[in-house]
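Participant: Spelled out from the first residue to the last, the chains are:
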Amino acid sequence: MNRNGFVLTAVAGAALFCAMPMAARADTAALAEEAKTYVTKAEAAVSDARAAIENGKSALVRIPEDSPLMEDVKQMLESAAENWAVAVESLKGASESAAKVGTASSEAIAKDYALLAKVNAGVAVSGSRVVQISLRYVEAVADNKTESLDIIRASMQDATAAASQVQFNYERVKTLIAEKYSK
Amino acid sequence: MKTKRYGIQGFAAGLAALLIAGTVVADVDQATAAGDLAEVSALAVEAKANLAAAALGGDVDAITEAGKRSDAVDAAVASAQEAYSAMERAIAGGDQDAASTASDDLKAAVQAARDAFNGVVPESIAKSAHDQWKESQTNTGGGPGRAGDAPNIYDVPWQSQGLRSFYQGLFGSFWSSSAFGGSRGFGERDATPE
Chain A
0 MNRNGFVLTA VAGAALFCAM PMAARADTAA LAEEAKTYVT KAEAAVSDAR AAIENGKSAL
60 VRIPEDSPLM EDVKQMLESA AENWAVAVES LKGASESAAK VGTASSEAIA KDYALLAKVN
120 AGVAVSGSRV VQISLRYVEA VADNKTESLD IIRASMQDAT AAASQVQFNY ERVKTLIAEK
180 YSK
Chain B
0 MKTKRYGIQG FAAGLAALLI AGTVVADVDQ ATAAGDLAEV SALAVEAKAN LAAAALGGDV
60 DAITEAGKRS DAVDAAVASA QEAYSAMERA IAGGDQDAAS TASDDLKAAV QAARDAFNGV
120 VPESIAKSAH DQWKESQTNT GGGPGRAGDA PNIYDVPWQS QGLRSFYQGL FGSFWSSSAF
180 GGSRGFGERD ATPE
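Line order of the protein sequences matches chains A and B. So in numbering that gives the first Met the number 0, the last spot in the first sequence is 182, and the numbers never skip. So in numbering that gives the first Met the number 0, the last spot in the second sequence is 193, and the numbers never skip.
Possibly wrong hints are sitting among the right ones.
List time: in silico DSS-like cross-link candidates among lysine-lysine, alpha-carbon distance up to 25 Å [what the hints assert, rightly or not]: (1) A:K110 with A:K35; (2) A:K99 with A:K110; (3) A:K110 with B:K106; (4) A:K110 with A:K173; (5) A:K144 with A:K73; (6) B:K106 with A:K40; (7) A:K179 with B:K106; (8) A:K173 with A:K99; (9) B:K106 with A:K173; (10) A:K35 with B:K106; (11) A:K56 with A:K144; (12) A:K35 with A:K91; (13) A:K91 with A:K179; (14) A:K99 with A:K35; (15) A:K173 with A:K35.
Treat the hints as calculated values from the structure; they're not laboratory data.
Let the hints inform the model, and build the full structure from the sequences given.
Facilitator: Pasting the structure below:
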């Protein structure tokens, strides 16, 4: 009886030990859903950037070749091209990670895939927004909206720096997750 | 006697299991924290994109609002980076409590960034730094920075607050090292040296 009491109390303690982290963990299905949300947001951002590129193409032909701002426009387009490549690649990465959430062998692995989907989607969104800012500059030059050029230029500088931070943190997340599994 | 011992042992075993569970729950996940840091930086980029869109639109009110939101998100990013660094230091030092506190600070900064992006801007940022400074001074000089700062002739009022403060600092250094500024500048010399 008393031995049973010991066993029962110990089992109750152990059950609580197992139950608390399980309660704290999110359900794999919910994680998969969350990862899908990140991917959807990134897809929308990439789609916006694609539309901005189309607008930018028509704006570019309106800029006179001897425009004093042509050098700035060229730099903006170079930056847009770099960030577009990053955005498209990251969207692909986010989709792949999100697809693996549902098929992960454990909840911990599912959580890590969801996190990778989140940061990859973040890189895709920030890359897309930098593309949009670059092409807004081109539009402003084409439409001769010189009063807005300084704001867009400053926004571009700040956005590029912040986008680098997003990429840096993505690398950091990847390294931390890799370290977890290499131990 | 034996009965009592088993009871106490059972209680102790259960308590130990609970304590271990508590420790696992309180553990700080550095990868998740880095993911949060990526999220706030991405919000900062989005806020800048909104500012650029407002600038292209040309609506002054929209530009002001987008600028405030962007400045507020930038402030939240700075807090988040500070909290992450504190967390890294705490983890390296093995201080679980400090790491947990820093993790909470990081979560608060992420929430502040989301709020700012959606238009909930703290009063300290909603009112521009220039306005705050102006209110606190009686001898208003009309520029950003401290009361004694030389008015920055290169100041561009529509630039972000961060850039303006940065340029004010540069101009201040230039001014104080020039013949006109600083404690040994012309302005501080006696009219009649003798």
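Participant: With reference to the structure, classify each hint as holding or not holding.
Facilitator: Taking the hints in turn, this is what the structure says about them:
no.: 1; hint: A:K110 with A:K35; in the structure: holds, 13 Å
no.: 2; hint: A:K99 with A:K110; in the structure: holds, 10 Å
no.: 3; hint: A:K110 with B:K106; in the structure: holds, 18 Å
no.: 4; hint: A:K110 with A:K173; in the structure: holds, 13 Å
no.: 5; hint: A:K144 with A:K73; in the structure: holds, 17 Å
no.: 6; hint: B:K106 with A:K40; in the structure: holds, 21 Å
no.: 7; hint: A:K179 with B:K106; in the structure: holds, 22 Å
no.: 8; hint: A:K173 with A:K99; in the structure: holds, 15 Å
no.: 9; hint: B:K106 with A:K173; in the structure: holds, 20 Å
no.: 10; hint: A:K35 with B:K106; in the structure: holds, 22 Å
no.: 11; hint: A:K56 with A:K144; in the structure: holds, 17 Å
no.: 12; hint: A:K35 with A:K91; in the structure: holds, 13 Å
no.: 13; hint: A:K91 with A:K179; in the structure: holds, 24 Å
no.: 14; hint: A:K99 with A:K35; in the structure: holds, 11 Å
no.: 15; hint: A:K173 with A:K35; in the structure: holds, 19 Å
Checked against the numbered hints listed earlier, the structure breaks none of them; every hint is satisfied.
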